[in-house]
Amino acid sequence: MTLRVPRRTIAAFIGPAVAALAIVGVAPLLYALWKSFHDFNLTQLARQRWVGLQNYQTVLTDSDFWDAIGRTALLFVSAVPVQIALGLAIALVLHRPGLTFWKTLTRLSLVLPMATTYAVVGLLAQVMLNQKYGVINQMLGWVGVDAINFIGDPTNAFIAVILWDVWQWTPFVALVLLAGLSTVPPEIEEAARLETRSPWTVLRHVQLPFLIPSLVAVLILRTADTLKLFDMVFTMTRGGPGNATEFIAILIERVGNRQFDIGLAAAQSIIMLAITIVLARLYIRLFYREVS
Amino acid sequence: MAAPMQARSLWAEGIALALIGLFCVFPFYWMVTTSLKTQLVALADPPVWWFTPTLANYREVLFEDRVGVSLINSLIVATSTTALAVLLGCPAAYALARFEFRGKTDLWFWFITNRFVSPVVLVFPVFLISRELGLRDTHLALILMYLTFTLPIVIWICTDQFRSIPRELDEAAMLEGASQWRIFRSICLPLAMPGVAVSSILSFIFSWNELLFAYILAPNAAKTAPAMAISFMEGYDVPYGKIMATSTLIVVPVLIFALLASKHLVRGLTMGAVK
Amino acid sequence: MKLKSHVSALALASASLAGLAGAAQAWSLEEAAKPYAGTELEVLFLDRPGYNAAIQMLPDFEAATGIKVNHTTVPYENALGEQVRDFVAGGDLDIALIDLVWIGNFAENGWLVPSETFINNPELADPALDMADFFPLVLDAFGSWNGVNYGLPFDNYSGLLFYNRCMLEAAGFDKPPATWQEVMDTYGPALTKDGKYAYALQSKRNETQSADSFARFLWPFGGSFLNAEFRSNLNSPESQAGLQFRQDLMQFMPEGIVAWDHAETVNALAQGDVAFITEWSAFYSTLKSPETSTIADCLGVAPEPAGPAGRRPALGGFSLAVASQADAAEQAAAWLFIQWVTSAANAGRYLELGGVPARQSAYADPALAEQFTFIPALVESWQEGVPEFRPRFAEWPAITEIVQEYGTRMMLGEISVEEGAREIGTQMEAVLEDAGYYSGAKPLAQ
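Chains as they are written, first to last, in our numbering: chain X, 1351 to 1642; chain W, 1269 to 1543; chain D, 781 to 1226.
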């Protein structure tokens, strides 16, 4: 079906992009790999030397590193189900016929959170969640809840990160699921609605099968974004208080940027990259199968 | 009997819609109003909803704190990297959509995997390399690094777009003796313009929003707006009004773009997984 | 014009150094700067009162010399990283802004030019420089490493006790606490009520935790980071007593104190939510100005409370030094700026504009102490400080991260004081071992 064309032509089309991505994406990784075998601290450059696997040994036995991985996983399993549940609810409301103008308007408003600069989202959290001046605590006061110390308490800070992640990404999940709902052929859906009055049954037996691809996409992308999560937490809590919100990207930034231990940060990055690639391959095989 | 029930459920739906909209929009409302407050009003306890607005924060950040310059830097970087990504990405996408060759699947996987790689993995080695090449604190360093995520976006969305163009068009042109390049340039690319536009907008948004590369690689002359926004977070004094004014200036352009591309945003963010 | 500047240089020199007036005749800033007119200097500034004062003074310097000073404002949290990356990359910075705990690191990396280079150059050295006029403790701690001076003290702090006199009086106290024990026994219980707290101790997990919180309760109790052999001293009875004291004192502090940085703490005093805080002298202007403080009329300033081992107030501050990566002209111009901005002649103006100079002569006028009520406490604190309040060696950036992590976890109760101290000790010794202090490769200097 596809055309047979000379290799030279293919190379001319695809070569520049591959070369560019290799230079900016792969070369730094190789450099990081090389540095990860060194004692390489920006403030101790006179001391730099080959140390073999010592950095890896440090990472593998470092409880901070594994705690950060665990924390990242915990964020994923606590935020994503909430996003899916709320997102599905929103998608179902928007999927119903009627009130077209208002639904279009709501859909537009759903677009806003996910496009917002992540760093600004964290700054907004600082302003809105402040114990004294924060508007969220004021609103909680209206319904009789005492002001909550969101940023200063380890558990609350973690919850605050979850809440803010939910704010930014629930709309995204909702729109993805809404797109999934629109793939259900209308005649099947109508037939089902004539047979049962329970929306739950319709969802479970008719709509859900069509939603599977969307749900998988959500899982894949939320995994990637949770592993990458940096900007929002950096501007909101900087990983604090204590270690409470130190996710994996925040930890690596701290080691490389504040301890200046580039060698160790490189080793941590390589291990994180290995985890990422395994997950990515797994997901991609699962989902993008039909592509090839 | 059906009518009152329908009316009631319409009401319920309307309220649900309002709540959803409020949930999404309220933080922006708070951001903008805080940006119009003086420091004393911003730190009022409890927070005030009605106050005399002032533009002093905007004046200050734009003209005294170089936020204006950083916005221009952001614009230069985001526009250039987007243009470069389109230039490099469109031919590649065309090849992936149209040609058959060995290793195509692996290449595809490799492109996709880039979407997963955290910038924190790349940023320190890139800092050291940019030091060697004298690219530190230049727009070029950021433009090149942003290709790590803009190029995959363009390739994915455009591959999808090229696939949807009927092959008969190509074949007809082929029979007339047109070269592959000519077919791409004159026939397929114009038809793929919607995809190019969407991927450009997404590339622009992602580049505009990026923080970590900007923060490490461009400390001064090429500093972009998000890196500028975090530079107000001095532990000595937290000027909420100025921070929110800067935030507003950063966010407004991307929100406009996002609304323009709203129909395609989801498709772009899911890398074409959801049509 | 030329004559005029000679005359003013003469007047300036004779004012502070009457005996050397003859020598000063040959030197003037304008003349010295002539070869460097048009030079542009890059330096990082912070958004703090001392820097804003310097920025207001800058036009005079630029007009007199034709040297342009480009200052970029960064948050303190980023200042170390930005400078390290710039120096490693051979970047644009011509002047280093050195927090006292960075001096060992910057000096050992060869990023700074010793000030002697310029002091011995009659073309550049102002005869009125008078290094002995700087508070010796401050000059030594902020600008010198291993017996060599690099930086001149610029933005200078001592820890002070800022208190709300009205709140104290209402609770029946006619003076601020003189010892930490009094805080614990009487002031704390009496002032912590009705949603108000006696004390707030900024403890956020960054340099604030190490400098303002952790170290503040080591030294007055006789503790320290290291013993004479450079082994951890954190599990000594004295260090433990101090850290435990901090833990117990938290009952009189607002909840969530572990997330508080300077801004929150100063604001809590300014809003009348806490009765006293221990903060850097630089906050005087914020707390005294009715625009930012509701307690301006009630503000009192005293030296920090003493512990069993006496008064060991927190010591912190910044010096400016010439960066070795700058070219010769930039180095000369940088020196002229540093010398000018920290000079005795400019100290009075710097003080007026909200800065805190480290010149002894600047505080000699008793009238000033009435206008700036923090002066007596500050001068007293600078007599008694410990230069190694936080060790200043090259390894501090690594060690402070460890202290920050376990110091905050201790306060949060995730780990006991003893365990936390042991953990810091072990990791700190590993860093020092790596650096070669125990093998004798490096002298035991802090």
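Calculated directly from the structure, the hints in this document are not laboratory data. Just so we're clear, the structure is a prediction, and the values are computed from it rather than from any experiment. Where a beta carbon is used, it is the ideal one built from N, C-alpha and C, also for glycine. Any given hint might turn out to be false.
[Said to hold, decoys possible] Example chain D residues on the side facing chain X (calculated, C-beta under 7 Å, incomplete):
| id | residue |
| --- | --- |
| 1 | T853 |
| 2 | V868 |
| 3 | R1189 |
Right, here's what the structure says about each hint:
Because the closest C-beta pair between T853 (chain D) and chain X is about 17 Å apart, greater than 7 Å, the hint is violated. At about 5 Å, the closest approach between the beta carbon of V868 (chain D) and any beta carbon in chain X falls short of 7 Å, and the interface hint on this residue holds. Contact between R1189 (chain D) and chain X, as hinted, is supported at the beta carbon level, the nearest pair being about 5 Å apart and thus within 7 Å.
Going down the numbered hints, you'll see the structure goes against just number 1.
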